[in-house]
Amino acid sequence: MNSSIFIPSVTHPIGDFIRSNVPIPELAFLINAILCIIGICVVAFGAALVLVYVERKVCAHVQCRLGPMRLGFHGCIQTVADTLKLLFKEVYAPDGADKFLFYLAPMVLLTAPFLCLCMIPFDHNLQVANISVGIPLIIAVNGFGVLGILLGGWSSNNKYSLLGGLRSGAQMVSYEISLSLILLFIVMMAGSASLMDITTSQSGTILDWWIFKAPGIGIVAFIMFLISSTAEMNRAPFDIAEAEQELTGGYHTEYNGTAFAMFYLAEYINLVTTSSLATTCFLGGFLPPAIGVAAVDHALAMVPGLIWFFAKVGLMIWIYMMLRWTFVRPRVDQLMALEWKFLLPVNLLLLAAGAVFLALGWVLP
Amino acid sequence: MGTPVIKKEKPISAKEYCKRYFGRILRSWSLVQGLSVTVRYFFEPSRIVTEQYPENKKTLKMHPRYRGRVEMIEDAEGNNHCTACGICERACPNGSINVLATKNIAGKKVLGRYLYRLDSCTQCGFCVESCPFGAIRMNQDFELSRTDKAGFEMILNKKEGQG
Chain U
0 MNSSIFIPSV
10 THPIGDFIRS
20 NVPIPELAFL
30 INAILCIIGI
40 CVVAFGAALV
50 LVYVERKVCA
60 HVQCRLGPMR
70 LGFHGCIQTV
80 ADTLKLLFKE
90 VYAPDGADKF
100 LFYLAPMVLL
110 TAPFLCLCMI
120 PFDHNLQVAN
130 ISVGIPLIIA
140 VNGFGVLGIL
150 LGGWSSNNKY
160 SLLGGLRSGA
170 QMVSYEISLS
180 LILLFIVMMA
190 GSASLMDITT
200 SQSGTILDWW
210 IFKAPGIGIV
220 AFIMFLISST
230 AEMNRAPFDI
240 AEAEQELTGG
250 YHTEYNGTAF
260 AMFYLAEYIN
270 LVTTSSLATT
280 CFLGGFLPPA
290 IGVAAVDHAL
300 AMVPGLIWFF
310 AKVGLMIWIY
320 MMLRWTFVRP
330 RVDQLMALEW
340 KFLLPVNLLL
350 LAAGAVFLAL
360 GWVLP
Chain X
0 MGTPVIKKEK
10 PISAKEYCKR
20 YFGRILRSWS
30 LVQGLSVTVR
40 YFFEPSRIVT
50 EQYPENKKTL
60 KMHPRYRGRV
70 EMIEDAEGNN
80 HCTACGICER
90 ACPNGSINVL
100 ATKNIAGKKV
110 LGRYLYRLDS
120 CTQCGFCVES
130 CPFGAIRMNQ
140 DFELSRTDKA
150 GFEMILNKKE
160 GQG
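Keeping their order, the protein sequence lines are chains U and X.
Here the first sequence stands for residues 0 to 364, where the numbers follow numbering that gives the first Met the number 0.
Here the second sequence stands for residues 0 to 162, where the numbers follow numbering that gives the first Met the number 0.
In short, the hints are calculated from the structure, not lab data.
Watch out, some of these pointers could steer you wrong.
[Said to hold, decoys possible] Here are a few chain U residues that face chain X, going by a calculated C-beta distance under 10 Å:
1. GLY66
2. LEU314
3. TRP317
4. TRP324
5. PHE341
A virtual CB, placed ideally from N, CA and C, is assigned to each residue, including glycine.
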């Protein structure tokens, strides 16, 4: 058997320790894999638990309310109680539903954010897989999200679910194009599709982050990324897939208990992955926000990259939440017009402008 | 029902189309304005209007215009202004008020008992509006639930009316 699969791509103190001390390389690989799975699960489930609470609080404060206040300090263990409630509910499928696809859909939906999390570099050597085709793989894996929603909507045997699923399919397939174009823009600028290389290509001061490094067009690209990724995540203002007022919940109308919790979980892990992607591509990933003054930069570099990374992710998540609780939902035709008549041409122009900037040497290497 | 009429849009010139297209992009500036409002709200906790009700029971002050149950305006000795005219009884849309008059020593008609049924009262305030003597008002009491139905029927006046 070819043992080259067991050669690690990312060095890490714990991983190297296990590799050097466990005699059988296959066993060492297995231990490292389990450690990685645990790490990703902790990030995903922990973030989802926190984010559900944060979302309710942000929403409440935007609307001059307080949000959950009863359970724990300022309602901080409300999400735990909600999760427990959902887990102990009876799981049942509606009459006439395609049972196999009905229960498969939330699991398919959950694969995409987990696979994306594997490719995100959280720190210099804190990454599950450093793949040279990271960005194309993320674009490819995002298709699972569409599949999960379509399956859930189709198999529920409910007109609201079907409508929500189809709407969502059309929306996500359309917006994936502009999201991919923006990511391609970053790949072109960084000269690599590996997320680790994209991050390290932004080392230096704040002005070396891709949002500022490409003069002018970086900020435009960032705004385009915000719009298309919000649509890609099915979050408001582009939540026509759920559209509580018209579709009573869209593709997850018929889900309850654990299956519904999985849909909810996928939504919030998706928020984390997309924010991580934005952080990696535009905000310098785990690099500290250096300002060019040696003393300050040295102090900033003392803080672990993990903390910088999650601080930036937190900022991105806050921006997404403010967008969600500010804007109104467009109609389906308006949504499609926005993508095909505005985002796509602008993104193509952006890509061309990026190529021109690179050719003329306006983007510093 | 009938078939829905699909309104066909009139064809527009390229110039008009461009005008609309770029006008729409320019008008998206309003999104930033909306965002600035919500961000301002987010960072101003003093705007929060929610009451933490059971916890702040001691300090909670009801809004002055709130209409709780009807009560009789009485001075320190418990005297009221009611003349038992019965206008409030007639103004009440659901018969929650019964003004039972009596006669005092001088033979004049005065208020005997002012019967008020909280369970059928809708707090509309017509009785207060119609009272010519300003003898009743709606108070700020909002914890009106009882475990016993008998508590809903109450006599509002402490003393007989002076007339």
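Verification of the supplied hints:
no., hint, result
1, GLY66, "holds (9 Å)"
2, LEU314, "violated (13 Å)"
3, TRP317, "holds (9 Å)"
4, TRP324, "holds (6 Å)"
5, PHE341, "holds (7 Å)"
Going down the numbered hints, you'll see the structure goes against just number 2.
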